[in-house]
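Undergrad: If you read the sequences in order, they're chains A and F. Take the first sequence: its position 22, counting from 1, is numbered 22 in the numbering used here, and each next residue is one higher. Take the second sequence: its position 118, counting from 1, is numbered 1118 in the numbering used here, and each next residue is one higher.
No lab work stands behind these hints: they were computed from the structure. Here a beta-carbon is modelled for each residue, glycine too, at the ideal position from N, C-alpha and C. Careful: at least some of the hints might be erroneous.
Computed spacing ranges between beta-carbons, pair by pair [as the list claims (entries may be wrong)]:
hint : chain 1 : residue 1 : chain 2 : residue 2 : range
1    : F       : Glu1106   : A       : Ala18     : 41 to 49 Å
2    : A       : Arg50     : F       : Thr1233   : 24 to 32 Å
3    : F       : Thr1029   : A       : Gly33     : 46 to 54 Å
A short list of chain A residues far from chain F (calculated; beta carbon distances all over 10 Å) [stated by the list, open to error]:
hint : residue
4    : Asp26
5    : Ala34
6    : Asp35
7    : Leu36
8    : Asp39
9    : Glu54
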Amino acid sequence: MSRYAVNSLLYRLKKDPAFRATFLTDPAAALAGADLSADERAAFIDRDMRRINELGGYLHLVMSIPGLAAH
Amino acid sequence: MGKIVFAGAMSHVLDPDYYDKACGALGRTTVTECMAQIAQMGERFSATGADALIVVADDHLNAFSFNAVPAMCVRIGRTVQRMVQDHAEAFDKVLDHMPETYPLHEALANEILGQGMQAGFDLAMSWEAPVDHAFLSPVNVMHGSRPIPPLVPIWINCFVAPQPTARRCFALGRHIARVVAGSPWKVGLIATGGLSHFPGLSVPRVGETDTVFDRRLIHWMERAEHEPLQALTADELDKSGEHEFLNWMVLLGAVTPARADVRYFGELPRINMAAVEWRLA
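All chains should be built: construct the whole structure from the sequences, respecting the hints.
TA: As structure tokens, then:
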């Protein structure tokens, strides 16, 4: 698990609308260069914010990414 | 000689629509009652004619990316901007209606920083970090349509482990009190966040609170028993959802041995809301 990789990706999804749009269109391609474990990558591709939180994603990020937020 | 002329602490998501959506009618009623008390606190603060308002709060991973996460950071410069978030969700949305720019008390911020270096507080500084609801919800509810005095925002890292200790936050408050006492200014101080919510920072536990722990904190604050508060551990704060109490610890250090008066405490499934004011000599 990489706390940095998961959370820096969450942060970019929240703060960078163009990257977020790319991710929503083709998540696998958007994550191609990310230093994620297989579990982490799968969770992002599934847009499973609860799983991302279990894997170390900070709560306030997984609750507040536009269009992806866990509730 | 300067003086802390007002000290208060309060919850910082202050939006009836947010709590209506999260908790239903009880949520709307509870936050509305809490906001009314905070507005009255603001009237008392404004009556002091303070030169500055120090706001101790936390970043919700908005101002600081994972490039750097300061344990304690003072906002310097002449103005600070409200955080802007496109298509804001959840707590970010409460910022939408607020003014965009706020004046800063540059001289007080620089004294806290500069004297800190001499006193063993190597505080981080930022000229650019924006402020989110943790700062602006309480400030705007306190002031309504009245002018907001120059602010000194101070961030405490409440969420990204390892956080500063409760004892260290209290010591920062002592430092702030010394700086203010040696200054020519009348200063207000608020700490925001809490009380218990989001234990473990875990999505499945959103909706849980620890009211027993909250009551314990309040008991100690009302009696000015500040030693057991300084002994609180990161693990205790995490398990009880009291992460943001670190902000309150800074205030407690600044006003000790003052006693607290609870202006409001209300339980919700999502968070226990509070507004507290200290009796200053």
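Undergrad: Does each hint fit the structure? Answer for all of them.
TA: For each hint, the structure was consulted:
1. Between Glu1106(F) and Ala18(A), the C-beta spacing of about 35 Å breaks the proposed range 41 to 49 Å.
2. The given range of 24 to 32 Å is respected by Arg50(A) and Thr1233(F), whose C-beta atoms sit roughly 27 Å from each other.
3. For the pair Thr1029(F) and Gly33(A), the beta carbons lie near 49 Å from each other, so the given range of 46 to 54 Å is met.
4. At roughly 20 Å from the closest C-beta of chain F, the C-beta of Asp26(A) stays outside 10 Å, upholding its exclusion from the interface.
5. Listed as outside the interface, Ala34(A) is consistent with that label: its C-beta sits roughly 13 Å from the nearest C-beta of chain F, beyond the 10 Å cut-off.
6. Here Asp35(A) stays apart from chain F, with its beta-carbon at least about 13 Å from theirs, past the 10 Å limit.
7. Consistency note on Leu36(A): stated as away from chain F, and its beta-carbon is indeed over 10 Å from all of that chain's, at 14 Å minimum.
8. With a cut of 10 Å on Cβ distances, Asp39(A) stays outside the contact zone with chain F, its closest approach being about 16 Å.
9. Non-interface call for Glu54(A) relative to chain F: violated, since the shortest CB-CB distance, roughly 8 Å, does not exceed 10 Å.
Going down the numbered hints, you'll see the structure goes against 1 and 9, while the others check out.
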